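We have chain H; now place chain X onto it with these hints.
Taken in sequence, the protein lines are chains H and X.
First residue of the first sequence: 1, per my numbering; consecutive thereafter.
First residue of the second sequence: 1, per my numbering; consecutive thereafter.
Please keep in mind that the hints were generated in silico from the structure rather than gathered at the bench.
All values derive from a computational prediction rather than experimental measurement.
Only true hints are included.
Under 8 Å between C-beta atoms, here's a sample of chain H residues computed to sit facing chain X: (1) Ala72; (2) Leu124; (3) Ala126; (4) Val127; (5) Arg131; (6) His134; (7) Asn140; (8) Tyr141; (9) Ala143; (10) Ile145; (11) Thr146; (12) Gly147; (13) Ala152; (14) Asp153; (15) Ile154; (16) Thr159.
Below are the SDA-like pairs computed for lysine to any residue, each with C-alpha atoms no more than 25 Å apart in a straight line: (17) X:Lys230 <-> H:Pro108; (18) X:Lys230 <-> H:Leu64; (19) H:Lys166 <-> X:Ala179; (20) X:Lys129 <-> H:Ala72; (21) X:Lys168 <-> H:Arg156; (22) H:Lys166 <-> X:His180; (23) X:Lys173 <-> H:Glu155; (24) X:Lys173 <-> H:Ile160.
Glycine included, each C-beta is placed from N, C-alpha and C at the ideal position.
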Amino acid sequence: MQPIDQFCRAAEAAGTILFKCKDSAEAAAYIAEQAAGDLFLPVSSSCTRAKLSDQLLAAGLNLLPGERARVATAAAGVTSACFAIADTGTLVLESTPEDVRLASTLPPRHFVLLDRGKVVADGLAAVEPLRRMHQQQPRNYVAYITGPSRTADIERVLTIGVHGPKQLFVLLLDNWSNDLLEM
Amino acid sequence: MKERSKAYQKRIDQALATPKLQQALHQFGDAYLASREKAFAGLDFEILRREIGEMKDDVRINHARYLQQFIANAEAAGATVYQAATAEDANRYIADLAVKQGVKLTVKSKSMASEETHLNKALEAANIKPLETDLGEWILQLSGQRPSHMVMPAIHMFKEEVADLFGKETGQKEPADIAHLVEVARGQLRQGYLDAEMGISGANLAIAETGGLALVTNEGNARLTTTLPKTHVALIGIDKLVPTLEDAAKVIRVLPKNATGQALTSYVTWIRGAVPCADGDKDLHIVLLDNGRSRLAADENCCETSRCIRCGACANVCPVYQSVGGHVFGHIYIGAVGIILTAFFHGLDNAAEIVRACIGCRSCVAICPANIDLEGIILSLRETIADKEGIGGGKSLVFKKVMRNRKLFHGLLRAASKLQKPVTRGERTIRHLPLFFSPLTEWRTLPAIADKPLRDVWPKQSLEKPRQRVALFGGCANDFLYPELGTDLVEVMNHLNVAVDYPLEQNCCGVPALYSGDKETAVELAKQNITALLADNPDAVLTTCPTCTMALQRDFVENLKDDPEWHAKAERLAAITVDASGYIVHQLEALAQFKDLPLAQKVTYHDSCHLKRGAGVWREPRQLIETLGHELVEMVHADRCCGFGGSYSLTSHPEIAKQILGDKLQDIENSGADCVAMDCPGCMMQLRGGLEKHESRVQVAHTIELLASRLRLKKSAHLS
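Isolated chain X, as found in the complex:
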């Protein structure tokens, strides 16, 4: 294992051994969602974020023009503008300026850009004291740490630690009372603003129309920092540029709501030019930082990231972040967007571990105020890093030599079904694995490979005049782990007078290869599946696994876009691919056929990430469950990831996956349901495995299985 990977693993273990951290991040995550909903009441988030996305795309495409306009207007208002190509360049300019002006002390308000460039170190090296005045940043400065959140930098720290740090500053014991500690900070930092010769701030927006900056803050330290010292240096990334004041107002309308759930921060400060200061004018320097931003904007796969307004919401809702915090899941910038920014600002090497830490649940994509497909971009980065570093010999061999050869792959799965007998003892689940595999079954059971795969037990169907003929894309789990799910689907469809075919040439959807960065194998598998599934020209292609659905609907099209002939076929397949629940509710309009179950259960529904945030399906399964007559009881965090994530929970990050599963199991148990339903074999594997290990009485079922059991019940009632 690389040194880098060892250090990373150590950080994960440490974070997971700090339950107080997880508790804090979970509490914040819940409170954040509640206040965010209130803050956005009456507004259409989808429209707002589309607008921001389009505006920022315009800025990216016409960047040179807006930048020129900004600089011209800022200079006309008396500002000095410096364009820094790199972090070192920005630091050198600011330190040189401070030395030239004889500055001894600078006060700083919060600036992620200065964290990015390690400005404090550069100032200290020039014998200038940087004093952080944002409360969180000051706490971190005193403790020698870096931020673990972009908006709440010291979110990982506790009041007792803060009291100790402050006590060292004041020379007396400070009680761990938050109101008192805030008062201590006010008193300690006050004189700094009056003494400092230079104030350094960040900025949230640079407005081309005016040449001005906007700062969105709560504490009031940025107002003091930009008012009292004679010199003001604003360090700002060139991606913060917006064309007009209206555009700025639109970003400000969304930013605090999405960052912390506040309608607006206490202060929004608009500064244009060298305003009056004491007896003269302010000496205003605007340092425009590139440091990888132009490369990001020019990158075909990642350029959407330039839209980011740095609200930090992608971390707030991330189950991985909530499990390990920003010191593991981030470098300087944290969370989903942090992975991408790290790769461009701090180099691929610093992003190589965290790019694999994303579980792919897309909760960040759903909450992003700039409509960035963060998960898609992280996948493409994973591919870039895999090209550079390789994806590991064993894995690579499996993908290239085995999966691409369907007969070999399926032959090996059949052989494994026989070979596993000693560990399964003939049962359907594996409770303990021997030797070095044992950690895999310590916290959940694993499903055994079925005796006979779905393709071998595919039922004969005798519908006289079916209303539709569809093909099932089973995916590996449905085919080899849960064949009964496939036969249940046939039963349900036949009842609705739909004939289902199982094209035998279908292979793995390719997601495991794609998520590991092996696009070549994913492309080969896409072609095999397109050929197999379109061969008999079905009316629809049904899926029981939402990750496969996303592969068929999105990834095949995306990965074949450079090949017109295959691309057209991929689009045809995408157009007719639909998840089974959605098909029943929308295409067949057959909800009513499942009415009234005599033996109803309390059922809770778990939203699979790729079904809700990929296919946009979450109402339909609930409608089906309620139509059956079951009592639907919602668990809290119903759409939070279960921690499966394919190889994420098996090989790459099993410890984090276990943590996320633990949260989910608690939510399921607390719902009081008899059964948890879902529409994904991966989630079934994870949740069934976890619930079995905990000897829970809660059953796990695919929605299709609930429908099929209803039909069987009806039939047996008829017979008796």
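Bound-form chain H, shown alone:
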């Protein structure tokens, strides 16, 4: 099985919603369909390169500024992912800029754009790029995200969406980014 296929299987098992897009315009259209409200899109090099914000605006969406109180009212956050981990269906987000953390924690929906080629086999294979992140910057906040927020604290019944996003969408793209460290 290809790493991307293994990722998809594990991510779906963890409750992630997958969508294959032929380009970022199609991704923007999908987000417009699912977002159900205003968006927060932090700055990232892959999104800037693809002019994603223009495409989202063109799709009729409203983009909020990066103020905490405003982000707390957003219907969805949109970020890219550096890479993914196949065996657990995990996304890796370099979240040192606070905006990335706000986008991925506060709104009830989180959309993540992922290049289908950027998938490593498992948590141990992820250490090499993780270490490079630590070498590249002196301070880091790196997030591994696997499915939506969940709890089983009441009677051990699995319940989705407690404090973090209730829905996690992964938009799979080709030619989006080829650098494991690029957000």
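Relative to chain H, chain X alone:
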């Protein structure tokens, strides 16, 4: 009885009177095992846990170096690191910091270390409001309780109770619907993250290589807690240190799988240093908590515990935990590892009752992801506490004055065999005991002491050229309760052309003394038995009781390690000691000799704790039973303890033992078997006693008895 013991007994009674609790913990235990198996599919757990054990041992031995490396890297990344020697020290630092910064509200994500130090009380005393945001912890904060599980803190509570608690917060009636209640928590806690000036978290790992922390969580509250407030305080035990990111990845690979059966939690958060926060940088304080951890790491008998990664699995599989929950079987930390951590973090006094509550079944040892011999360590702690508090006058007298003197001990057993006549009425089992002994036979019958012990009825053997000469170590039960098991063994062995000797100087294996904390008597008995069993230089020493097997294979060696001459003898005995089923299957390769039984039964097999998880034998008896031609039907939880545990079920915790037995009897009945087989006289005593009381039609047999009856059947067929 001490006040402490009275209060403990009361907690046991209350827990046992809450069947909903047992039902919840049993259901969780079953579901956990199923998802755990799926999560580990394709991985070799034994290799993974050995790796973690070795890595954590390296950290323990070179702790100062890794700690220094961690602190230097964390400080270089802008963190302030504080080393707290005690709980009070940690609390004082955090409360002072909060006061200095004018903090009114702190949001907290889950931290067992803060439960350990009672941080919330210290914050409240300084007029700072701590708001727990982990759903389970918030429920407990609202109800004024402490966690009953390390990973699922409110596992003992029900949705109706949660609905009532939440209703008091919202001022309206909340329906007891779990999805709704989770939504209420989300809404109620959301503003807290935005308002709080300080976020307090725990951490699962501190990585020396980077000076960073890793948090393994599901709800997302730890991400909010560590992101929104200006100040982040991470309270973390110094035993969470690992050398490198690879080591951290290895722990994270195992932790969620072993904790809850998840492949990975929703979030793993790696934080190194003072990251951006609002318009500036975060004020990150890392409080490294010792509070007994250095003492634990330096303790010769208990240091392995420093490997613990706090997955909580030792509770998930524990039959005692499943019977009474974490509010009885724990202090702050619960389950097997909780007993040990309590002794070092909260003092021996707080561990004194729960250290005796372990039944010794070793299911925790089999599931521990750090390869810690939890049961062995609990035994050594029991000894420490017995040295301090004594083991009770009567018990002490029996061990020291009676058991060490074999002739006196056996003489008393013979006398008891005569004296018991009025209560046994000449039968083999005791159904009712008079007076204050009566609770002992309320829920199971007890075997009577045999008229003649095995040593008196030992059969004469006339093998011309035996292929091996072996000695039988009978143990007290085989000798004085079930002598027929010994004669059956001789019959089976003679059939296989093996001569069996019964060295008469053998005595009790010493486990009852050892498990009660009297090591001195255990050492004396070990020496007596080594001398007796090695005297004629047998090819092997056979056992019919797996607890005795563990004593001969493990405890004698361990307890005599400081005496080179005796230690060498103990190792020689350990090397030739083998359980009877294993001996037949492996040494003699004699499975085929028991083929095809005309009158086959449905047989289910009960794994005795010390046979499966001590000697590693569980396939062999099943092979023998199937070779005989019986239909082997597996019961569920075949390797779950039967609740015997020697004095555990007789004197120390009979109520819990009864509960565990009840579970086992149900599993046996549900299997539909005619007979339940096992390889342990203790389990026979417990299961036969329970099944007889329930007037069950299911028979109880030792595997050796099944083999012997097969041979007798064959002989009688020949004669007719």
